[in-house]
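These are the residues of each chain, in order.
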Amino acid sequence: MVFNAGKYDVIVIGAGHAGVEAGLAAARMGSKTLMLTLNLDLIAFMPCNPSLGGPAKGIVIREIDALGGAMGQVIDKTHIQMRMLNTGKGPAVQALRAQADKPLYIKEMKRIIENEPNITLKQGMVDELIIEDGVCTGVLTETKAAYYADAVIVTTGTFMRGKVLMGDIEYESGPNNQRVSIKLSENLEDLGFELTRFKTGTPPRVHSDTVDYSKTEIQPGDEKPQAFSFETTEYITDQVPCWLTYTNEFTHQVINDNLTLSSMYSGMKRGTGPRYCPSIEDKIVRFHDKPRHQVFLEPEGRDTEEVYVQGLSTSLPESIQHELVRSVPGLENATIMRPGYAIEYDAVIPTQLWPTLESKKISGLFTAGQINGTSGYEEAAAQGIMAGINAAAKIQQKDAFILDRSQAYIGVLIDDLVTKGTREPYRLLTSRAEYRLLLRHDNADLRLTDIGYELGLIPEERYERFSYKKEQIEAEKDRLRKETIKMTEDVQSILDEAGSTRLKDAAKAYDLLKRPEVTYAHIERMIGANEEIMPEVKEQVEIQVKYEGYIKKANSQVQRMLTLEHKKIPENIDYDAIHSLSSESRERLKSVRPLSVGQASRTAGVTPADVSILAVYIEQGKIARVNEEPISQE
Amino acid sequence: METDTITAISTALGEGAIGIVRLSGPQAIQTANRLFKGKDLEQVPSHTIHYGHIVDIETNEIIDEVLVSIMHGPKTYTRDDVVEINCHGGVVAVKRTLSAVLKEGARLAEPGEFTKRAFLNGRVDLSQAEAVMDVIRSKTDEAMKVAQHQMDGRLSRLIQQLRQTLIETVAHVEVNIDYPEYDDVEEMSEEMMRTKTKEVHQEIEHLLHVANQGKILREGIRTGIIGRPNVGKSSLLNAIVQETKAIVTDVPGTTRDVIEEYVQVRGVPLRLVDTAGIRETEDIVEKIGVERSRQVLGESDLILLVLNSNEPLTDEDRHLFEAVKDLRVIVLLNKTDLPSKMNMNEVKDLAGDFPVIPTSFIHDQGIEALEDAIQELFFAGEISSGDMTYVSNVRHIRLLEEAKESLEEAMQGLELHMPIDIVQIDVTRTWELLGEIIGDTASDGLINQLFSQFCLGK
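Chain order of the listed sequences is A and B.
Taking the working numbering, I'd label the letters of the first sequence as residues 1 to 634.
Taking the working numbering, I'd label the letters of the second sequence as residues 635 to 1092.
Isolated chain B (complex conformation):
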């Protein structure tokens, strides 16, 4: 019997009506239960379906409204306990659910692993053995092809660079160990090690940051529309929604007034957050204060700040600028069909580097310019859309996170003044983890490095 719990998205990724995240293994039910708001899944009978919500444990935020099937082994596909979480179709909800399950300790299934488990647990008929092995073969090859294809060349090169830095450091320590009398290499000091680990740590953090931005693209850019009452926020929303006519999904949340709408703007997925609130409530800044609103808004990836050019700037407008000054903002100067009563110099001053776009939503003017601006903001930078599929992506991100943790353990060892050769164990582990990302796990790399880097005798 296998001891760990595996998970994967078991429906084709796409725009189907539902998507299923499946878990299998001894911890399947407990894992799902921790994420589930509804009945206690550990208490429900086998082969039953339950309505509820999957929540993000850290933020307590609702991820999706789901139906969960609980199936106790052995009468399951794999003969282990199996849980199937039926999410709303579409990519986002399913992937976020998968992420949540992974965070709770399940392991991402290898290609064909459910079938392999089913087989190993005696569920699949003997005559199917060959088929199972073929599945593993083809899926693994396919997954590798996909992974290679999707690995951004730049990322792969960067990881190779990081590995090179690490292996040189490791080889240096190894030389100190294996050839203690070798005078040509100075003893690797804590300080040297610290410099190197810090350098690599920073790069990994940066990679994770970029990966996160990639996630933004996949999951939708959290976009907030803000502005004083009656400046045209609703019209803006309607304009975008109508213009694109591409609502991906519409997930009702826990409360009536939180609605997220997904729209595609020139291929950039926007997740319009809290739009109901904007439509129906008073000025957000006034209501909850600058600090708090900054916090709320800070979770947004993009802010559309709407001004009414038909009226002079108010303190509320200025507060809004203040609240979003560190964010990515596009300023929309609405109602340009009416006479301008705004001090444009002050607007420009307040807007700083933010793009300012004159619009008239009622007359469908400026929408195109807005779309240009969004496109430029998200495609001009380091992010390119669709650079990784979700599966390999999750794997890469997890490995990067593990590598980062391992490096942090090394750094911690340094702070505690552990001997360098002990700190190095964690550095070597980091090197191996990074190697798994690019599929380089050859173990003689270190030995080769040792002998090419140093002239060794005794």
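This is chain A alone, in the form it adopts within the complex:
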């Protein structure tokens, strides 16, 4: 018997990395939010690698944090080590990465969700969406509970028709042998959604006591305390190292001898896997000249002996996995605790979504996370927070919230998904961002905190601290603009020391800091330190001044991009009425339904000529409206 189980503003299906951010954002924006998940013990579970962040992804975590999301705060409290990557490179590409304590991460995230006043957290399997007149009004669970809401966010990850593959064994399952969601997938298909089949994989985990670490290289965390979140003030100091070892010719022999036993090489047609995260089979086949591949041994937490064998993702039979693992130095006697496997799952083709992540077909229905064809915890969380914000905004009749490609990696991610779609599980890379010099990890707070605050996602106290930081940056830049540095012997010798040329005339501190080899610390020695300001402020001033020329250039490119972005396409546009469009472009435009001429220009298959035609057609609509009155100049 179906029973009415209650009415909410927003329902979130799933409580993985997308689900938790979606739920928290909606709730914090004042929406009464129901979160339904298959297993309350696995909230924000990491079914694959035990790490968060890294290039692009680490910046996304900071962006989520600036919008009031939880990922950064939780990992700051639950990591076993942190490292700043790319420190030898420019500021645009530096990124923080943390090794997570998996069980602790779950515990901490669950605590946050449970303590969020507007969230009701329940265990349950959703079988069906309740649709009335093309609007999603609720969900029906397998226990026949009908929950009603004004918006529903689906964040079911890899659970939809999930199938685990290992050698010739395959069975229906979510990751980590969890229950799989079959009916929801069928339901989406019935509703007219186009689904695709993707694949991903995970390596075996081994028992730490059976690893001989003396044959591996240690990979410690940074000594300098770091954090993702602006909120974090306490740092974890006792860090746990990771270890590095390598495959060798024996490993490769094992794989080559048994390749046909691998699920992915058995000749069966399978879902598409990601190129950036290949299985060890893929690596050996595609790059057979490489004599060895890196294998990182990463503890899954402080209170567990399980060690993640990064680099050995495989769908070989379990028996072969033993051989495979034991061919690696340090793992000669290793015991596998969980074997690796590949997993296939259904994903929604993301061009069926608006940039708000609401589906075009059914109003009030949002999808976020791996269900949209991405991979990675951070990508999922980013979509989750955006879907949560937009669901709440829609109900509260606020403006849609869309970040453009110059504002955030989150904007790049979602624009790519809904405009271009993806043919493999999508991962963020720094090379996907056109304006990465603007999208730095150090300025994520400066880019997005104001927006987060306006949305009601940033607490007052934090916003005050943030505003103070902003003021300090401007004040310090002003000071540098005013301070003149004279050609004293002290100054010249500091310049010598910096490997820079001596001053021939007095110069402003601001201009001197622009020299690549002169650091803020050098300048401080010349003009005296400003004791009041925080280290982050100094860092920010240094970056803004030193790279000013490049930043300006990027900004002018952004301005050009934005003029097209601001040319909006009416939602009710009839592409069939535009006879001059080429048929391919017309089909693409009808399917993607871009919101702006800019988005249209990025749509695959739409030529520049068609973009021009579109612009003319849209203007025609404006002129038609103007024409009802006497013709006037724009």
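Keep in mind that the hints were calculated from the coordinates and are not lab data.
Using N, Cα and C, we set each Cβ at its ideal position, and we do this for glycine too.
Among the clues, some could well be false.
Stated by the list, open to error - Okay, derived cross-link-like pairs now, BS3-like style, lysine-lysine, Cα gap no bigger than 30 Å in a straight line:
id : chain 1 : residue 1 : chain 2 : residue 2
1  : B       : 709       : B       : 671
2  : B       : 1038      : A       : 552
3  : B       : 671       : A       : 514
4  : B       : 830       : A       : 553
5  : B       : 709       : A       : 567
6  : B       : 832       : A       : 553
7  : B       : 709       : A       : 514
8  : B       : 830       : A       : 552
9  : A       : 568       : B       : 737
10 : A       : 568       : A       : 77
11 : A       : 552       : B       : 671
Said to hold, decoys possible - The calculated label-pair distances, taken between Cβ atoms and stated as ranges, are:
id : chain 1 : residue 1 : chain 2 : residue 2 : range
12 : B       : 816       : A       : 478       : 40 to 48 Å
13 : B       : 819       : A       : 222       : 17 to 25 Å
14 : B       : 829       : A       : 218       : 54 to 62 Å
15 : B       : 706       : A       : 562       : 28 to 36 Å
16 : A       : 222       : B       : 802       : 26 to 34 Å
17 : B       : 828       : A       : 41        : 53 to 61 Å
18 : B       : 684       : A       : 562       : 36 to 44 Å
19 : A       : 41        : B       : 816       : 34 to 42 Å
20 : A       : 478       : B       : 706       : 42 to 50 Å
21 : B       : 959       : A       : 486       : 50 to 58 Å
What the hints assert, rightly or not - A few chain A residues that don't get close to chain B, going by computed Cβ distances all over 12 Å:
id : residue
22 : 454
23 : 484
24 : 488
Starting from the known structure of chain A, arrange chain B on it as the hints suggest.
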């Protein structure tokens, strides 16, 4: 309202009596005014026509004698400010004027863009909307066809090669960024980056150089006729002009004695420069000195050096050889109908690799051999005539120049020891610009390169 100023040749390219270069946009009048010698165009009333000259701002050289129409918006075709520069007909003057306008910052109009602007600014009737879109469609397709057709296969291949070098470099840097622990690739160093950028920079410079030679072909080969008084320079000129009977245009310059004559020799357009001066003045070397004459002559693409074989070599002749030794020269041994009094060994010595052709202009002898030599000189090498139309050509050249600039910014970044990932931003831009030349702007090229070039894990 559009914010930039566009320009294009708006008459059919060919041998019409006049050719019009049109500008439209907020900077149209200012742009034209900077190039115009005559009245201050910013002060003249709307819808008036003015006589004057278009000059090359850098060299102050007169490009053409023109009539300029000034029309203030909104009573214009596009409703923006419009300027029409009426040049002398023929290809050369119109194209050079267009080039000058482009150099001053106007943008080359896309196909159908004037009409599109007219439409967007409400000038064109609503019922014409479809027509406008069709124009864009057909013109763009046509332009693309033309561009593809005209793109020399060799050029296209070379650009693809350069792009490949750049994308490999960029992908290398990207791997260093996205997979910092990936040990298989060494860190891209400044030195590696410098080598690659230099290599590509050189190639682009070479391409521009060749493009420039192509321009020589289109605009005429600047040809100087030199020689001592009375060796037969005038007869040579007359012989060429009469022989070809193909004067394209005759542009009087600022001073009475500078006259340029355009003739076609076996399809090679010659622009005979300063011929009046040669006809009427004394020995150029004697007059202005070896150094200076070398400079003047250096601007020539071809020198016809005339000797009188009826007289022994003089110091003046030797000076002339000295002045032109680095140029492209054809030596004409004239008056061979008279007894030779010249030391031929010395002539051969002085001429070196230059062709030496015995002639007798009065008897029309040797003209054919001269034409052969010219043809060989300009068609044997890398230049083939008519390999690009002007429009796509201008576009290619501009993109190449932009690519070069962008690469130079990258090189400058390297000199300043900027982080490689920042230098790489300019390298990527160069790659994109080169892509625009061959119409390849697919943005996923980099990602594909990344994954095919490297085996990536973590």
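Non-interface claim for residue 484(A), where every Cβ of chain B lies beyond 12 Å: 23 Å, holds
Does the Cβ pair residue 819(B), residue 222(A) satisfy 17 to 25 Å? 23 Å, holds
Holds or violated: are the alpha carbons of residue 709(B) and residue 514(A) at most 30 Å from each other? 50 Å, violated
Can the restraint linking residue 830(B) and residue 552(A) be considered satisfied, given a maximum Cα separation of 30 Å? 26 Å, holds
Confirm or reject the claim that residue 41(A) and residue 816(B) have a C-beta distance inside 34 to 42 Å. 35 Å, holds
Against the 30 Å threshold, does the CA-CA distance of residue 830(B) and residue 553(A) hold or violate the hint? 23 Å, holds
Take the C-beta atom of residue 959(B) and the C-beta atom of residue 486(A), compute their distance, and say whether it sits inside 50 to 58 Å. 55 Å, holds
Verdict for residue 684(B), residue 562(A) (Cβ pair) under range 36 to 44 Å: 39 Å, holds
For a C-alpha distance cap of 30 Å, please report whether residue 568(A) and residue 737(B) respect it. 33 Å, violated
Keeping to a limit of 30 Å between CA atoms, is the pair of residue 832(B) and residue 553(A) held or broken? Status holds; Cα separation ~23 Å.
30 Å limit on alpha-carbon distance, applied to hinted pair residue 568(A) and residue 77(A): 43 Å, violated
Is the hinted pair residue 1038(B) and residue 552(A) satisfied, with a Cα-Cα distance of at most 30 Å? At roughly 20 Å apart (the allowed maximum being 30 Å), residue 552(A) and residue 1038(B) satisfy the hint.
Consistency with the previously given hints fails for numbers 3, 7, 9, 10, 11 and 14, ordered from lowest to highest.
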